[in-house]
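S.K.: Single-letter residue listing:
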Amino acid sequence: MVLVLAASLAACTGTAPTVPSPPTQTAVAAATLPDVTPGYTDYQMAHPIRPHLDCTYAGTVRLHPLTVDPKDPNGPDPRAVAVATITAIGAAHWNTADGHRPTQAEVDALARSPQKVNGLWPPDWGIFTPMTFSIDRVLAGSLGSTVTGWTVGGATAEGDLQSDGGCSWLGPFTPAVGKSVVVFLGRELTLSDPADTSLRRPKVSTMFGYHPGSDLVDLPQGSVKLSKALAG
Amino acid sequence: MHTLRKAITRCLLVGSLAVTAGLGLASPTPAAAYNDCQYTPNTPTNGSPYTCRYTQISNNNWPVGSADPSCGNSCFWWPRAPQSGGPISIPYSIQIGNSNRAKFFDDAAAALYAWSGQPYNSPWTYDCHNNNTCGNPSIVVRGGHYGRPGGSTLACGYSNVINYASDNGVFSTYSDYNIDEPFAQGPSAGSCDATTVIYHEVGHSFTEGHSSVDSDVMFWMGHSATIDGDAQSYLNAMYGPYKSSGHSGGGCPSCRSVCGIENCVLAGQDLEGYLNKAWSLSQGTVPPVPDPVSMITPESCPTTPYTIWINCTANWLRQYLQ
Numbered sequence: 001m002v003l004v005l006a007a008s009l010a011a012c013t014g015t016a017p018t019v020p021s022p023p024t025q026t027a028v029a030a031a032t033l034p035d036v037t038p039g040y041t042d043y044q045m046a047h048p049i050r051p052h053l054d055c056t057y058a059g060t061v062r063l064h065p066l067t068v069d070p071k072d073p074n075g076p077d078p079r080a081v082a083v084a085t086i087t088a089i090g091a092a093h094w095n096t097a098d099g100h101r102p103t104q105a106e107v108d109a110l111a112r113s114p115q116k117v118n119g120l121w122p123p124d125w126g127i128f129t130p131m132t133f134s135i136d137r138v139l140a141g142s143l144g145s146t147v148t149g150w151t152v153g154g155a156t157a158e159g160d161l162q163s164d165g166g167c168s169w170l171g172p173f174t175p176a177v178g179k180s181v182v183v184f185l186g187r188e189l190t191l192s193d194p195a196d197t198s199l200r201r202p203k204v205s206t207m208f209g210y211h212p213g214s215d216l217v218d219l220p221q222g223s224v225k226l227s228k229a230l231a232g
Numbered sequence: 233m234h235t236l237r238k239a240i241t242r243c244l245l246v247g248s249l250a251v252t253a254g255l256g257l258a259s260p261t262p263a264a265a266y267n268d269c270q271y272t273p274n275t276p277t278n279g280s281p282y283t284c285r286y287t288q289i290s291n292n293n294w295p296v297g298s299a300d301p302s303c304g305n306s307c308f309w310w311p312r313a314p315q316s317g318g319p320i321s322i323p324y325s326i327q328i329g330n331s332n333r334a335k336f337f338d339d340a341a342a343a344l345y346a347w348s349g350q351p352y353n354s355p356w357t358y359d360c361h362n363n364n365t366c367g368n369p370s371i372v373v374r375g376g377h378y379g380r381p382g383g384s385t386l387a388c389g390y391s392n393v394i395n396y397a398s399d400n401g402v403f404s405t406y407s408d409y410n411i412d413e414p415f416a417q418g419p420s421a422g423s424c425d426a427t428t429v430i431y432h433e434v435g436h437s438f439t440e441g442h443s444s445v446d447s448d449v450m451f452w453m454g455h456s457a458t459i460d461g462d463a464q465s466y467l468n469a470m471y472g473p474y475k476s477s478g479h480s481g482g483g484c485p486s487c488r489s490v491c492g493i494e495n496c497v498l499a500g501q502d503l504e505g506y507l508n509k510a511w512s513l514s515q516g517t518v519p520p521v522p523d524p525v526s527m528i529t530p531e532s533c534p535t536t537p538y539t540i541w542i543n544c545t546a547n548w549l550r551q552y553l554q
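Chains as they are written, first to last, in the working numbering: chain A, 1 to 232; chain B, 233 to 554.
Note that these hints are calculated values from the structure, not bench results. Quantities reported herein were computed from a predicted structural model and do not represent experimental measurements. Just to be clear, a hint being listed does not mean it is correct.
[What the hints assert, rightly or not] Covered, in the sense of this in silico footprint (three residues per stretch, anywhere, with C-beta under 8 Å from a C-beta of chain B), are these stretches of chain A: (1) 43-53; (2) 161-175.
[Stated by the list, open to error] Over 10 Å on every C-beta distance to chain B, these chain A residues come out as not near it, computed from the model: (3) T56; (4) V61; (5) T87; (6) H100; (7) S113; (8) P130; (9) L199; (10) P212; (11) K228.
[Unchecked claim] Among chain A residues calculated to face chain B with C-beta under 10 Å, some are: (12) R62; (13) V81; (14) T85; (15) G144; (16) G186; (17) S223.
Ideal placement from N, C-alpha and C gives every residue a C-beta, glycine not left out.
Use the sequences and the hints to build the structure in full.
M.R.: Put into structure tokens, the structure is as follows:
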């Protein structure tokens with residue numbers, strides 16, 4: 001309270017405020033200025049927090065076309081698409097390099113003075129859950145027999161809980177071990193190198209429930225044959 | 233004069249934050265009704281066995297999952313003013329400008345006015361035009377790089393609503409255009425509609441969840457820019473009917489009848505609800521912050537308070553919110 005009042009007094013007496021400015025940016029459509037500085041979230045890390053990330057989609061959710069072009073930084077994220085089975089769901093943690101909870105200083109650094117890494121803007125801080133997939137059929141790109149992808153959200157050991165409002169999966173689907181899915185594997189979790197094809201720690205761009213027996217994939221607008229969905 | 237006014241405004245805004253922080257933002261006490269969902273297993277909606285005219289944002293991701301959308305004890309919401317039970321005042325910051333593709337800034341401002349002006353105890357937001365006075369709590373509108381999910385699916389907007397685990401009270405929200413996707417002003421095949429996207433995302437910042445009604449602003453693939461009845465029903469359920477200071481309009485006739493409709497409209501946005509709520513907040517004894525009337529220079533606000541205030545506030549808004 002004293003500090004806040006001091007800040008108020010400082011502002012009223014003309015003293016320069018000590019709180020650094022968040023980054024500002026100029027608005028553009030991606031096609032005209034793709035290098036806009038993204039906004040980063042000013043998390044308050046003094047206490048356990050509960051972020052809810054919600055994604056809003058437009059139009060109709062479609063699997064077609066299965067574009068996989070890692071060399072196009074403005075193209076869709078996926079580097080591989082597969083029919084797969086979830087074989088393990090790991091412990092959630094923050095997307096720092098070693099999974100530690102970001103400190104307030106790390107949060108502030110990204111929010112106030114974001115710096116490119118390898119020529120690319122780093123992703124915002126967030127909580128992710130690793131899921132291991134057994135690859136049943138590669139639909140696009142190149143994959144081995146298993147891969148671990150990272151989905152938005154989860155509860156960390158430190159008490160933080162991020163809920164996912166449809167950013168990692170869509171349709172009438174809740175991930176669980178043993179479930180079959182159509183999974184789109186996107187860019188790297190901590191180093192968003194679009195040209196990296198090694199899929200070391202890919203984010204799950206999106207995922208849908210799949211029924212191998214009937215070849216039906218569950219989309220929000222209803223179930224359709226996978227073969228038909230892929231044909232567009 | 234402009235500099236002086238800015239200085240006064242800065243003092244008021246920082247002062248308001250000081251008061252807010254000092255009061256500690258009362259623990260939330262959500263209303264009884266968190267959503268309007270019906271269990272309809274035989275007629276699923278978007279794959280969910282629930283059909284919902286409105287929901288709360290931490291609603292088990294309706295309609296993404298198939299679980300009960302009720303948030304129960306985990307509801308997110310903005311606190312109400314500790315003593316009056318009325319709306320709180322929080323700063324917003326729009327960190328994205330207009331472009332040749334879409335009026336990102338204008339649409340964001342219009343959406344904030346529209347949501348803020350609803351007659352419920354949901355927050356009233358004011359422009360944190362000097363970012364040095366921004367902090368928590370706050371509502372931020374930005375552009376973000378969230379990537380493109382694949383196929384021909386457009387992921388147009390993202391909202392990050394953050395609360396403390398200890399009391400469910402929201403302390404910051406971020407409503408983002410996903411500028412990795414193509415944008416247009418209005419509906420356009422293969423592009424995101426900047427207007428409807430940000431009306432929807434700002435709705436999340438007011439803790440609204442999704443609706444199953446196609447024409448609703450909070451429809452989960454939202455394509456409306458009207459704060460419709462379902463959205464209002466949520467605000468009423470979660471925050472309660474507007475608890476004004478008793479000074480709303482000061483007993484004066486409506487803005488439209490006094491000023492003519494053109495004076496209530498700024499940048500194409502009807503500001504009557506926003507200004508009425510601001511007026512009430514400014515005149516109430518608790519909380520007296522922020523005080524938009526005090527931000528107006530006295531010499532430009534003579535004796536007929538409501539009429540002149542509308543005009544003055546519009547002028548003030550033109551200077552500081554545009």
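S.K.: Against each hint, give a clear statement of whether it holds in the structure.
M.R.: Outcome of the hint check:
1. 43-53: With 9 residues closer than 8 Å to chain B, the segment 43-53 of chain A meets the three-residue bar; holds.
2. 161-175: Contact hint for the segment 161-175 of chain A vs chain B: holds, 12 residues under 8 Å.
3. T56: At roughly 4 Å from the nearest Cβ of chain B, T56(A) sits no farther out than 10 Å, so the non-interface label is violated.
4. V61: violated (5 Å)
5. T87: Given that every Cβ of chain B is farther than 10 Å from that of T87(A), nearest at about 21 Å, it holds.
6. H100: Answer for H100(A): holds, closest chain B Cβ roughly 18 Å.
7. S113: holds (14 Å)
8. P130: holds (18 Å)
9. L199: Holds: least Cβ distance 14 Å, greater than 10 Å.
10. P212: holds (19 Å)
11. K228: holds (13 Å)
12. R62: OK, holds: R62(A) within 10 Å of chain B, min 4 Å.
13. V81: holds (7 Å)
14. T85: violated (20 Å)
15. G144: Where the cut-off is 10 Å and the nearest Cβ of chain B is about 20 Å from G144(A), the hint is violated.
16. G186: holds (6 Å)
17. S223: holds (8 Å)
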